[in-house]
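Participant: Assemble the whole structure, with the sequences as input and the hints as a guide.
Number of protein chains: 2
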Amino acid sequence: MRKVSIVGIGQTKAGEHWERSLRDLAADAILSALKDAGLEKANALYVGNMLSGELTAQQQLGALVADWAGLGSIEAVKVEAADASGAAAVRMGYLGVASGVQDVVVVCGVEKTTDADAETAIAAWSSGTDAEYESFHGLTMPGVAGLLMRRYMHEYGVGREDMAPFAVNAHKNGVNNPNAMFRSPITTEAFLKSGMVADPVGMFDAAPLCDGAAALVLCPTSRARELAAKPVGIRASSVSTDRVAVHSRRDPLFLQAAYLSAQKALQQAGVGPADIGVFELHDAFTVMAALSLEACGFAARGKGTLLARDGEIGVQGRIPISTMGGLKARGHPLGATGVYQIVELALQLRGEAGANQVKCSLGMAQSLGGSGAIAVTHILGI
Amino acid sequence: MRKVSIVGIGQTKAGEHWERSLRDLAADAILSALKDAGLEKANALYVGNMLSGELTAQQQLGALVADWAGLGSIEAVKVEAADASGAAAVRMGYLGVASGVQDVVVVCGVEKTTDADAETAIAAWSSGTDAEYESFHGLTMPGVAGLLMRRYMHEYGVGREDMAPFAVNAHKNGVNNPNAMFRSPITTEAFLKSGMVADPVGMFDAAPLCDGAAALVLCPTSRARELAAKPVGIRASSVSTDRVAVHSRRDPLFLQAAYLSAQKALQQAGVGPADIGVFELHDAFTVMAALSLEACGFAARGKGTLLARDGEIGVQGRIPISTMGGLKARGHPLGATGVYQIVELALQLRGEAGANQVKCSLGMAQSLGGSGAIAVTHILGI
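Residue numbers (my numbering), protein chains in the order written: chain G, 11 to 392; chain U, 11 to 392.
Hints were generated in silico from the structure; no laboratory data involved.
Subject to a maximum C-alpha distance of 27 Å in a straight line, what follows is the list of computed DSS-like cross-link-like pairs (lysine-lysine):
{"no.": "1", "chain 1": "G", "residue 1": "Lys240", "chain 2": "G", "residue 2": "Lys23"}
{"no.": "2", "chain 1": "U", "residue 1": "Lys45", "chain 2": "U", "residue 2": "Lys23"}
{"no.": "3", "chain 1": "G", "residue 1": "Lys274", "chain 2": "U", "residue 2": "Lys13"}
{"no.": "4", "chain 1": "U", "residue 1": "Lys51", "chain 2": "G", "residue 2": "Lys274"}
{"no.": "5", "chain 1": "G", "residue 1": "Lys51", "chain 2": "U", "residue 2": "Lys274"}
{"no.": "6", "chain 1": "G", "residue 1": "Lys13", "chain 2": "U", "residue 2": "Lys13"}
{"no.": "7", "chain 1": "U", "residue 1": "Lys274", "chain 2": "G", "residue 2": "Lys13"}
{"no.": "8", "chain 1": "U", "residue 1": "Lys313", "chain 2": "U", "residue 2": "Lys274"}
{"no.": "9", "chain 1": "G", "residue 1": "Lys182", "chain 2": "G", "residue 2": "Lys203"}
{"no.": "10", "chain 1": "U", "residue 1": "Lys23", "chain 2": "U", "residue 2": "Lys369"}
{"no.": "11", "chain 1": "U", "residue 1": "Lys203", "chain 2": "U", "residue 2": "Lys182"}
{"no.": "12", "chain 1": "U", "residue 1": "Lys240", "chain 2": "U", "residue 2": "Lys51"}
{"no.": "13", "chain 1": "G", "residue 1": "Lys13", "chain 2": "G", "residue 2": "Lys45"}
{"no.": "14", "chain 1": "G", "residue 1": "Lys23", "chain 2": "G", "residue 2": "Lys182"}
{"no.": "15", "chain 1": "G", "residue 1": "Lys51", "chain 2": "G", "residue 2": "Lys240"}
Facilitator: Quick look at the structure:
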């Protein structure tokens, strides 16, 4: 098994790209990543995407994107794991290089949600829940988050205001990310005044669906120095799953897949949570940020919001999260999000994160699918 | 890079499963495959599926199926490459084991098309074409096949009747496969009299969409003998792509992805077409069978139908194809088909193909996505 490094990164702005097609966004990110690596070709392409079939009747993104990006007739398939599709594609690229089968792999996460109206897009996003036991009965992704947040507040005696620091931090960081969808700071007051999406989930608890594409170039670590001035090593890659329907889980407030996946990744990298200098987590909803911090060992059960209250999640804090805006402010282009996280982590480790630079040599990214049915964790180091 | 073997196979009947859900079919095939291998658990699951998002608003099949099959919290994601999704999932399983990351991998192909009416299912199937340049303008998968077949007949001076032997052979073989959707032989006369689907593609040129699931258990070849009396080795695994829209290809009658993928696979296995004793090809339409035989080196350009006319594709022929009924008679459960092909090839190599047994020690399976935008080729040996 070979060690794997990231030698190229690319991304489009996350947001509403009315004038651009899915394949165009994907090719844009891929060509940026290849240029970053000083390469023109690759042996394989893995595309992470969740909804192109449902929203635009286009499957087969592997061949479609490989062709549009000028990659020729290379191996190219799509990987889907709901919101974690992009991260799962990174995992596939990792396996391709680690196996010795492929030398240069491009991974691209891409999503275009604005080709459909917002209601259709949110309904489609909800196909990441259990269709027969959840969404068929009207439960949406924001609805699931509402149930989890209500339960969290009840069990741990916290209020809506305790969730505010997650959103405030994300928006603060988004200001300095030119590729973020939202670049305006928000106040706790605005957070509390915002309208309800799915009580108690308010508008500022929820990440916006949007369009975007991000891409990586992977190669064996033994070749990485030839291609990049600062290759970023993938120290660990892991995937765990849980029951899809929240009501089937033993404890709805314990993200078991996130826990197991983080444990495996930390073990593979031979480190503990205290060694992680930056953590790009899945803040699709503020409550998911709290639950992720707890599941991954950065906070005790029920104490995730205290980390946020005490400023420990800020760029200067103990465990900076959402350093480029997170899902909340950078935007959440579903199947692309997991690749954006890795691109942003690579920027941090290369020292190219600008005003949001964190001093660190080891970072973790974790992407969740649905309400936590799958967790894909990567640990990167320089 | 480790060698990989198949130590367990399982399948449900292909057909109309009105009373069973997608997850139920998938778990059925997986549990059969695990039983065949004498195992209860696996390290990872790759699910091949094309349309569960479009037809039943259910994504996230990795976690969903892993849970339903009792596999616990293992790594589990979905792989999509249109009709070749199942074969692409086999490829991912191969990479997982070859890399040394996973010891026991389950691959499952599953599709449920009967949850939607036939028109909706065929429209969804057509999302394997180029949505913006083909299906949006009304071109369906049978429509693309009609264009290709018309062109084939024009270029090579063959008639509809020359395509008949492909369908007759497939239905003859389906009779002896208890898991086939159609188990009745057909005559050339019936073939010629059948109604048009997309002129000149008639009903018996086209494989039926249906429901079904098939599964494999993969492990390192070094461990295979412990688990199976007759492990089947994966001697080669390859993927190539082509432009998705037929009009963008240099030559619409040359399946470039099929050609490149077969060449890579033959090279990896160190053999030539003459060494292949059985070939499970992608006979979604009779013309695709002819084009596949030509692209993979079993017949010269324009001569595919002659192989069929001369009986060389029969179980006793020079290059038996569709030995368990093929897509035409076993049925074409889209994302499951590529795994069915591998299961059937394994049955042949294990000497368990019953009345359709071919005497062989090396076989090839090739699955195509859309009208040939992707080709996934595996060579198996015993």
